[in-house]
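> In order, the protein sequences belong to chains L and R.
Note that our numbering gives residue 102 to position 102 of the first sequence, counting from 1, and the numbers run on in steps of one.
Note that our numbering gives residue 218 to position 218 of the second sequence, counting from 1, and the numbers run on in steps of one.
Bear in mind the hints are in silico, worked out from the structure with no lab data behind them.
Among the clues, some could well be false.
Said to hold, decoys possible - Covered by chain L, per the in silico footprint, the following chain R stretches (three or more residues, Cβ under 8 angstroms):
#1 36–42
#2 126–134
#3 248–256
Said to hold, decoys possible - Derived BS3-like pairs (lysine-lysine); straight-line CA-CA distance at most 25 angstroms:
#4 Lys118(R) - Lys212(R)
#5 Lys57(L) - Lys131(R)
#6 Lys294(R) - Lys235(R)
#7 Lys212(R) - Lys94(L)
Ideal Cβ positions, reconstructed from N, Cα and C, are used throughout, including at glycine.
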Amino acid sequence: MVKRTKMNNKAQMKIQQMAFMLIAVTLFFGLIGLAFVGFTLNKNQESASDLEAKNAKLLVSRLSNSPEFSCGEAFGSAKSNCVDMDKIMKLKEKEEQYLGFWGVASIMVRKIYPKMVDTICTDSNYPDCNIVEIRPSIAARGTAVPSFVSLCRKASDNGQIYDRCEMGLLMVSYELKR
Amino acid sequence: MSFAWIFALVIGAFILFLAFFIAGKLMGTEQKVQDAIVSKEIGILLSPLEIGFESGKTTYLELPKRTRINAECTKEEPFGKQHIDVSEETLGSWSDTYTDLAFSNKYIFTKESVEGKKFYLFDLPFYFPYKVADVIVITSIEDQYCFIDPPQEVKDRMRNLRLENVHNASMPSQCPAGSKIVCFTGSCNINVRVNLDDYSGEIVKVGEGVFKVYGESLMYAAIFSDRQTYECQLKRLMQRTEKLGEIYNEKSIFINRQGCDSSPGLFPLITLASSFNNSVDLNFNLIDTMNDAKYINDRNPRCALW
Chain L
1 MVKRTKMNNK AQMKIQQMAF MLIAVTLFFG LIGLAFVGFT LNKNQESASD
51 LEAKNAKLLV SRLSNSPEFS CGEAFGSAKS NCVDMDKIMK LKEKEEQYLG
101 FWGVASIMVR KIYPKMVDTI CTDSNYPDCN IVEIRPSIAA RGTAVPSFVS
151 LCRKASDNGQ IYDRCEMGLL MVSYELKR
Chain R
1 MSFAWIFALV IGAFILFLAF FIAGKLMGTE QKVQDAIVSK EIGILLSPLE
51 IGFESGKTTY LELPKRTRIN AECTKEEPFG KQHIDVSEET LGSWSDTYTD
101 LAFSNKYIFT KESVEGKKFY LFDLPFYFPY KVADVIVITS IEDQYCFIDP
151 PQEVKDRMRN LRLENVHNAS MPSQCPAGSK IVCFTGSCNI NVRVNLDDYS
201 GEIVKVGEGV FKVYGESLMY AAIFSDRQTY ECQLKRLMQR TEKLGEIYNE
251 KSIFINRQGC DSSPGLFPLI TLASSFNNSV DLNFNLIDTM NDAKYINDRN
301 PRCALW
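When you get a sec, could you build the whole thing from the sequences and use the hints?
Printed below as a string of structure tokens:
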């Protein structure tokens with residue numbers, strides 16, 4: 001009788017050891033798994049941010065030649081890196097239609113010469129302003145990538161219409177995924 | 001056999017099964033991540049092509065593994081979408097991927113799915129009458145084309161594009177085996193019937209029917225793409241024509257205050273572009289309306305809108 005009780009105790013002990021061991025092994029692998037998933041997610045977020053940055057850098061260098069921005073032949077012969085200010089003032093009003101069109105958080109055009117106090121352009125103060133902001137994304141504004149462009153528009157002096165081009169920056173912001 | 005042994009064997013087998021299962025799942029996920037990255041990279045690399053100042057250049061895309069590019073097009077409002085999916089061939093089977101990477105500002109004309117290790121990408125501008133977009137054509141080195149006695153303009157363009165999968169020949173028997181034969185007179189796989197002044201006309205493909213075209217870019221787009229892709233991308237191009245027309249229309253009102261009377265009467269073009277359904281609508285009425293707008297814009301260069 002005593003021997004049988006001893007055997008039962010020994011078996012129970014073994015089962016308990018095994019159960020603790022299993023819990024320990026499961027926890028160990030679980031922690032390794034969590035660390036691995038965290039590392040992978042972090043790596044993927046970095047990749048996504050790098051790709052966004054790459055997209056913004058490539059886009060900003062060419063965006064001024066996009067039909068919605070480019071001067072075309074409206075100011076004489078076709079020009080590279082020339083933004084039609086009259087056109088983007090109208091594009092700005094349609095930013096909801098262009099939501100997600102270029103895959104960036106925001107696009108800003110800033111006149112840098114001649115210098116003037118920062119003023120956001122509206123229909124009423126144009127062309128006496130220097131910033132046009134187009135938000136083709138609902139994302140928060142992120143890191144900006146700039147590119148120098150010429151900003152051209154139609155102007156008039158004593159009834160004479162002429163083309164006026166000024167120096168500006170085209171800035172594309174992308175969202176940081178980190 | 002004692003209980004401890006049986007228990008250890010059962011649990012051991014379970015742990016091994018779990019390990020293999022998780023490893024398999026992780027490998028699959030990693031493959032999907034890689035495919036998604038390649039898809040996005042391709043999309044990003046296409047940006048300079050889409051909005052480049054210089055068009056008519058070929059870019060090569062060489063990938064380490066045999067790759068399948070699925071360029072699906074959807075035409076929802078306002079601009080439709082260009083979806084790019086990439087799957088790689090590993091040990092004879094294609095990775096199963098659906099990354100749903102979509103771009104609104106790209107127009108890729110190709111077969112629904114192109115396979116190979118080397119791809120040729122070239123872009124040509126589409127004007128209607130203002131610049132609407134650069135259309136991108138993708139072909140694989142595995143898809144060979146043979147142009148029979150093409151006109152000089154086509155020969156020159158092909159020489160500049162340097163597509164290694166496009167051959168020139170004076171008769172079909174000189175073409176490489178398995179190549180698609182493109183004729184400018186007579187009858188073969190792909191029959192090009194266009195007026196080379198404005199590249200308007202049609203392309204008749206055996207088994208796919210008639211593709212109506214206007215402009216050089218659409219002619220090449222129709223030669224290298226399938227019907228479904230061509231129709232969808234053409235609809236998307238018209239969607240952008242409509243939206244750009246609205247911007248130019250409002251710009252004409254806007255610059256009126258500087259004394260520029262430059263209304264080119266874009267409403268008829270906007271209306272026709274918005275009701276455009278398929279290439280059958282690329283008819284004389286639409287082309288005449290477009291030419292009228294072009295004429296009015298060009299008549300007054302000081303106040304030109306585009």
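> Of all the hints given earlier, name the ones this structure violates by number, lowest first.
Hints 4, 7 contradicted; others consistent.
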